[in-house]
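Peer 1: Chain by chain, the residues run as shown.
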Amino acid sequence: MIFNSLLFIFFFIAVVSTFFMVPHRWRWLLLLVASCYFYMVFKPEYILILFFTIIIDYIAGIVIEKSSGTARKTWLVISLISNIGILAVFKYFNFFTGNINGLISFLTGSPGHLPNLTQFLNWGIEVILPIGLSFHTFQAMSYTIEVYRGKFPAEKHFGIYALYVMFFPQLVAGPIERPQNVLPQFWQKKDYNWENVKAGLMQMAWGFFKKVVVANRLAIYVDAAYASGQIGTQSGSTMLLAAFFYSFQIYCDFSGYSDIAIGGAKVMGYDLMENFRTPYFSASISEFWRRWHISLSTWFKDYVYIPLGGNRISEFRTYVNTFIIFLLSGFWHGNTWNFVFWGALHGVYLIFGQLKSRYLGNVLPEEKYKIAHSFSTFTLVMFAWVFFRARSFADSKAVFASIFSSKLFEPIAMHMNVNHLIFSFLVIAILCIKEKYRYVIDTKSDAKFYLLFAAFVMINYFFGVFNKEQFIYFQF
Amino acid sequence: MKISTNILKFSLIAVSFYGIIGLLWPTFYKFCFKNEIFSDQYRFGDLYKAANLADFKSKESDFFCLEMRNLNTSELQNYAITVIGDSFMDSVKFMNQQCWNGAKYQFIHWNEVQKTNIKPISTIKNILIIEIVERNLRNQSQYFTEIFEENNFNKGVENDNSSTWNQFWEINHTSKADILLEQQFFGYSFFQKLKQKKAYFNWKVFEQVDDFAQFTPDKKALVYYKEMDKNSNESCLNPISEKEFDQLENAFDHIKNEAKSKGFDQVIFSVIPNKSTVYIEKDRTNGLLQKLGDSRRISDNYLNIYSDFYQKGNIYYQLGDTHWSCAGRDLWLTKIKQKILNNSPQ
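Here the protein sequences come in this chain order: W and F.
Using our numbering, the letters of the first sequence map in sequence onto residues 1 to 476.
Using our numbering, the letters of the second sequence map in sequence onto residues 1 to 346.
Only chain F is shown next, with the shape it has when bound in the complex (with noise of 0.2 Å):
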């Protein structure tokens, strides 16, 4: 009895020691990862993470957009595009320099605006492409007259150095620790398993979803929650008055014109929609992207990809993410580089 004992309690020292080191050392958690002793739990989506719902699953080639993609040729080799984006321009999955058909290509997530100096990369024509998610649109839109503040890019260097207290603390929060053991103990397929029995019981049954994620009003297709909520301006179904959406397009001038005076020859907007707006009937929205669409003043510098994307979600869109497919993601593409070769200054 006392041996077996002593096994337990050193097997549930040892469980619990490789909980503590997974939260506390960084390099572990890479070194599991690429060496996939960690499963990734976003391999299926984000909504699929969040509801595990195996009807709701995305392919794993979806985030593989990048090897599928035939890149030979190279209309594009006199451009330089500077794309300022979110995570549908991530470079491991959607979107990087072979993308662009020989064209010289850097990107800026718009967590990186206020550190980075943006100005053109060379001395042939350069666009600048600003990319963003219908459901941050509105709340980003007021940072749009800080991109090309002068010396802004020192702003935010300081938060980077947060000190190894403040860095122990901030990995030891309740909800992030819990993502982490989560991700280190229960990634595995077995427990995937069992994730999706317990979902599918509850949305059959009591026809409950995890809170993240929320169904589209046909119920065809998972969305993040936000996107369905009339009270957050992130929604289709939240309306906008005329003066935000005025805001709106002074922001768009502002910052093609001050893209101008630093150098770019051409600046296009691109709103992608929200996976939810694509499944919406169109009178049942705020009318936000037709308006974007169908604006005189932005017309020769926006994509309009909305009634591209209209009600082909189920192509668009991945199933288990709140991401595009690698089919919508070729669309805009298609479309942007039409845009950049028809716009194209002389």
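Just chain W, with the same shape it has in the complex (with noise of 0.2 Å):
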């Protein structure tokens, strides 16, 4: 289920009404009821790979606890290779199948003949990527991780720690929550806090407005402009242009799903933990990867790059562990050579602003020259994002080719009037007005609430754009 859908607000209006209704220790059977069926609208079947890891996780978790020695090392290693396995199999096979075929062909000059997933499983229909899996493997692994080092008891409740892993609103695009944060939340009595209500529906409002104003209102330039075939034709303006308005369809969709989760979670008492902090006003990539998609960043440094060493070993090595880490996150955001580079990209964007703050710190220090460092960090994410958008690699370089061309003096390219376009600019200015002064909508007064959320229900619809375009990080 997406969340810009009726069908989604008459799902979330009968599980929040119900759920106040409902006895505190029925709460959770209603919530992994309804969380059940938001994930099986996807594709039902599904939910059996699901309940599959949820069940090993578990287990996992309790054994874990009640064990000592090898024999924890040993369910956590189950617990991490079943969820990496689904994650490897679903995901990843057939971009390890193509590539073999690839290298098979160009080593012998015959094709390759290894099956894609659908030959491979021969289940009758065509496999494809179980929404949201990558952020439910991730969730899970956090558990089995945090159990195993003692930082958080295992969960004996079956249902409850199903629904720690299920739970609707970060189901299927995050926040990759961690166990500390929710699973005692499942075990507090919410009482229906009207505080709550307003501030939980008024982020969801604004989620909403990212989403279906900004994010699909870009989306129709940036489409035209990446349109297959295109984009070889395209002046470099037109494409400095669309990496521009990218880098804002993407943050206002991704950051707009995740104020939707936090904000619906938020009517019903619960706090789940914030994604997006104005990434784009980071002064530099490190800043920027504490300020964009938080439980992803977060999730990779503590249980990849500071088990690897962190940054207590050596220099060469810190900037090893993370590369590693970037190149990791960029296979995690999908399964071509484009991400990985991207995620690369961003790798050595990183080490160079290391060795750059280590080797030349006084040399435009950040904190006189803000603005630059600013302006130069998002230029330098804007471009990376190419890499995200383009199809592929051979589009990327078309996509810079223009760009860093005498052909970035040619005209724009109207794909949308000057009505449209100057409206893209307000809508993105307002965003940045509203994301630099961390301006937060007021919801104390009544009066003041029902009145902005009614505007924000007018300006939603009247300026939304409505074609269920999917958010964009669902396909991870």
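Please keep in mind that the hints were generated in silico from the structure rather than gathered at the bench.
Please read all numbers here as calculations on a predicted model, not as lab measurements.
It cannot be assumed that every hint is accurate.
Computed cross-link-like contacts, DSBU-like style, restricted to lysine-lysine with a CA-CA straight-line distance of at most 35 Å [to be verified]:
{"#": "1", "chain 1": "F", "residue 1": "Lys291", "chain 2": "F", "residue 2": "Lys220"}
{"#": "2", "chain 1": "F", "residue 1": "Lys9", "chain 2": "W", "residue 2": "Lys190"}
{"#": "3", "chain 1": "W", "residue 1": "Lys436", "chain 2": "F", "residue 2": "Lys204"}
{"#": "4", "chain 1": "W", "residue 1": "Lys189", "chain 2": "F", "residue 2": "Lys9"}
{"#": "5", "chain 1": "F", "residue 1": "Lys115", "chain 2": "W", "residue 2": "Lys43"}
{"#": "6", "chain 1": "F", "residue 1": "Lys93", "chain 2": "F", "residue 2": "Lys226"}
{"#": "7", "chain 1": "W", "residue 1": "Lys407", "chain 2": "F", "residue 2": "Lys59"}
{"#": "8", "chain 1": "F", "residue 1": "Lys125", "chain 2": "W", "residue 2": "Lys444"}
{"#": "9", "chain 1": "F", "residue 1": "Lys220", "chain 2": "F", "residue 2": "Lys195"}
{"#": "10", "chain 1": "W", "residue 1": "Lys407", "chain 2": "F", "residue 2": "Lys219"}
{"#": "11", "chain 1": "W", "residue 1": "Lys190", "chain 2": "W", "residue 2": "Lys434"}
{"#": "12", "chain 1": "W", "residue 1": "Lys444", "chain 2": "F", "residue 2": "Lys193"}
{"#": "13", "chain 1": "F", "residue 1": "Lys204", "chain 2": "W", "residue 2": "Lys407"}
{"#": "14", "chain 1": "F", "residue 1": "Lys59", "chain 2": "F", "residue 2": "Lys226"}
{"#": "15", "chain 1": "W", "residue 1": "Lys43", "chain 2": "F", "residue 2": "Lys220"}
{"#": "16", "chain 1": "F", "residue 1": "Lys243", "chain 2": "F", "residue 2": "Lys226"}
{"#": "17", "chain 1": "W", "residue 1": "Lys434", "chain 2": "F", "residue 2": "Lys197"}
{"#": "18", "chain 1": "W", "residue 1": "Lys436", "chain 2": "W", "residue 2": "Lys397"}
{"#": "19", "chain 1": "F", "residue 1": "Lys195", "chain 2": "W", "residue 2": "Lys43"}
{"#": "20", "chain 1": "W", "residue 1": "Lys448", "chain 2": "F", "residue 2": "Lys198"}
{"#": "21", "chain 1": "F", "residue 1": "Lys9", "chain 2": "W", "residue 2": "Lys434"}
{"#": "22", "chain 1": "F", "residue 1": "Lys339", "chain 2": "F", "residue 2": "Lys115"}
{"#": "23", "chain 1": "F", "residue 1": "Lys230", "chain 2": "W", "residue 2": "Lys407"}
{"#": "24", "chain 1": "F", "residue 1": "Lys34", "chain 2": "W", "residue 2": "Lys43"}
{"#": "25", "chain 1": "F", "residue 1": "Lys176", "chain 2": "W", "residue 2": "Lys43"}
{"#": "26", "chain 1": "W", "residue 1": "Lys370", "chain 2": "W", "residue 2": "Lys301"}
{"#": "27", "chain 1": "F", "residue 1": "Lys125", "chain 2": "W", "residue 2": "Lys448"}
{"#": "28", "chain 1": "F", "residue 1": "Lys30", "chain 2": "F", "residue 2": "Lys195"}
{"#": "29", "chain 1": "W", "residue 1": "Lys434", "chain 2": "F", "residue 2": "Lys104"}
{"#": "30", "chain 1": "W", "residue 1": "Lys368", "chain 2": "W", "residue 2": "Lys434"}
{"#": "31", "chain 1": "W", "residue 1": "Lys448", "chain 2": "F", "residue 2": "Lys193"}
{"#": "32", "chain 1": "F", "residue 1": "Lys193", "chain 2": "F", "residue 2": "Lys219"}
{"#": "33", "chain 1": "F", "residue 1": "Lys197", "chain 2": "W", "residue 2": "Lys448"}
{"#": "34", "chain 1": "W", "residue 1": "Lys397", "chain 2": "F", "residue 2": "Lys226"}
{"#": "35", "chain 1": "F", "residue 1": "Lys125", "chain 2": "F", "residue 2": "Lys339"}
{"#": "36", "chain 1": "F", "residue 1": "Lys197", "chain 2": "W", "residue 2": "Lys436"}
{"#": "37", "chain 1": "W", "residue 1": "Lys444", "chain 2": "F", "residue 2": "Lys195"}
{"#": "38", "chain 1": "F", "residue 1": "Lys220", "chain 2": "F", "residue 2": "Lys198"}
{"#": "39", "chain 1": "F", "residue 1": "Lys226", "chain 2": "F", "residue 2": "Lys339"}
Reassemble the complex: the two chains are provided individually, in unrelated frames, and hints are given to aid placement.
Peer 2: Put into structure tokens, the structure is as follows:
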């Protein structure tokens, strides 16, 4: 189920209304059933995959807590392998077989014949990537790791544990939560709190604004610029504008989703972690990654970077670890070389940033030249997004070839008319102003809340672009 | 405060329950449509439903062609007409027994062809009419040779028996559920006005219309977006090779020969032009309909209406719909009856 749909709105109203009428001891069941329905709307059979990992991790958590020595490690490994294994099979099988087939073809001149996943599994249906797979597997792994580290007790209630993995607001695109934050909340009695409802609804309204008014609108221009076969014919100015728009499209799409998820949980009284903190005002790449998709970057930091030694080892090893993390991050985002390259590029950015801090710290210090730093950081991130959006490496190259050539000075393509372009810049400006000044929409006054919420509903309806585009991060 | 909160909670539950009932219970839906509790969102046309532009709204009477037909003549009473066709032959809106001047009539939709054993319906003169709209012709023609395949009427039957479980998830798939919910809650005139204002604003200020609908180059008509996509073989702007055209003629020949062997006395092919095709200059199109009309191989069996429809889109097509108007339907009926009577074997 996608958030920007009537079905979700009715589903949400039904679940929340029933939530506050059902006794606390049955709320976990209501939320679990609702979350199962939410997930099954995509493809009902895939709930079995989800429950497969849930059962293994539930058992693993209990056994790890009760065991000692190698048994603990064994069960941790079982849990990690089951989650990573599911991810590897559904997300990366075709990537590996496709690349091996390509290599065979290159080396021998004959095509490789390794099957794709649909052929390999032979279930009689086309096998597609289960929605939200990358998110809930990482969330599940954080649970068993925390139990293994002794930082969190194993959850004995199967239903509550299943709900931790499947809680519908963050099931398919995060935030990737930690057990310490979420699991205890499912045990707490959540009384109806009008302030939470107002704050949650307002955050959802703002999230919808970002998604339907900003992201979907910018997508009109971006999609036209990146349309199949069109990139090479576009001017550099067109592709530069498309790159700029895409930076805000992906930000509004993803952070909008997070706002709807966090706001939706808030309405019921649950607090999910912040996932974005005005990332485009960052003065460095490292700061950007402390503000963008916070739940993923902290996951990699806590469970991969620090165990690899973090920055407590040699300088060279630190840089290697940094590069590995971002390579993995790129791989997490997608199963094509474009995503891997995007991740590697950010790794290189970060390493250069660290080198600059270490050896050229006094040159153009950040504190003094914040605007220049923020601008350059945004530019680097914007160009990296080209690899994210383009369908292939060849397309990415074509985009840069357009931008960094005399084609930059050719006229811009009017994939939108002038009014539409102005409006697009206007909504980006509104977004930036709100983020720059950390403006919080005040919901304390009831009258103000009703007016603002009604205004948001009307604005989102009137200026929203409703073409049923899925959220970009759903594909991960 | 507690009373008002409870009222709000129960109201929200009632509203969402009403929505869920509509999603899960087809009988409820049919009852509401029959008793006009739900308004038919297609009553002003499929293009209007997508674009919500008040300037491009069909007249409701355009969907009641059957009630407008004066059918007192019986010059076809010695004929049996079998039509294989699409929504242009819709039995509620455009075409039924009464349209055929005394002839026996049966209609088989393209979707039902594989499940139907197509054969003449009586011992009098049997006419088979193959009707298809231009945008579906090139994709559908690859299945023409299967029309008369023996025992093909068993195909597809198993698909009808999908389980309740599959049907439930089919309905609850987001895109379908949204269509149902929008029909249930937002199909009324008040919401129609709101949608029109939004659509008008987007059209006039941003020159944007819904993805489903596009303007013809002269901006005089709304058409289905694929009809304007030169990369889609549903469009008259998409080139057609000689080889593909030959394959089309071969397919028509095949149907003609098979139909005659099954007992049909006459076969008539009719391709209804896309609405967009009649608004675009002939030399800008792929020329498919002109070629079909000029083809000597199929001229005896082909009903050419392109020249009649060309540049008369505002008369023969509906303003807010992809289908023809009653006038367009009438013209087609007149011409096809002429062809039946003129070509009728002795």
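Peer 1: Tell me if the straight-line CA distance from Lys436 (chain W) to Lys397 (chain W) falls inside 35 Å.
Peer 2: holds (33 Å)
Peer 1: Straight-line Cα separation of Lys243 (chain F) and Lys226 (chain F) no greater than 35 Å?
Peer 2: Answer holds: Lys243 (chain F) to Lys226 (chain F) is near 23 Å, not above 35 Å.
Peer 1: Taken at face value, is the distance from the CA of Lys220 (chain F) to the CA of Lys291 (chain F) at most 35 Å?
Peer 2: holds (26 Å)
Peer 1: Does the alpha-carbon distance linking Lys339 (chain F) and Lys115 (chain F) stay inside the 35 Å limit?
Peer 2: It holds: about 29 Å lies between the C-alpha atoms, which stays within 35 Å.
Peer 1: When you check the alpha-carbon spacing of Lys30 (chain F) and Lys195 (chain F), does it fall within 35 Å?
Peer 2: holds (25 Å)
Peer 1: Starting from Lys204 (chain F), check that the Cα of Lys407 (chain W) is at most 35 Å away, please.
Peer 2: holds (31 Å)
Peer 1: Decide if the proposed pair is consistent with the structure: Lys220 (chain F) and Lys195 (chain F), CA atoms, cutoff 35 Å inclusive.
Peer 2: Status holds; Cα separation ~21 Å.
Peer 1: Would the hint linking Lys125 (chain F) and Lys444 (chain W) be met if the CA-CA limit is 35 Å?
Peer 2: violated (80 Å)
Peer 1: Given the hinted pair Lys448 (chain W) and Lys193 (chain F), is their Cα-Cα distance within 35 Å?
Peer 2: Distance of about 28 Å is within 35 Å: holds.
Peer 1: Would you mind confirming whether the straight-line C-alpha gap from Lys193 (chain F) to Lys219 (chain F) stays at or under 35 Å?
Peer 2: Status holds; Cα separation ~23 Å.
Peer 1: Is Lys195 (chain F) close enough to Lys43 (chain W), meaning Cα to Cα at most 35 Å?
Peer 2: holds (32 Å)
Peer 1: Holds or violated: are the alpha carbons of Lys190 (chain W) and Lys434 (chain W) at most 35 Å from each other?
Peer 2: Given that 35 Å is the threshold and the Cα spacing comes to 31 Å, the pair holds.
The structure shown violates the earlier hints numbered 7, 8, 15, 27, 29.
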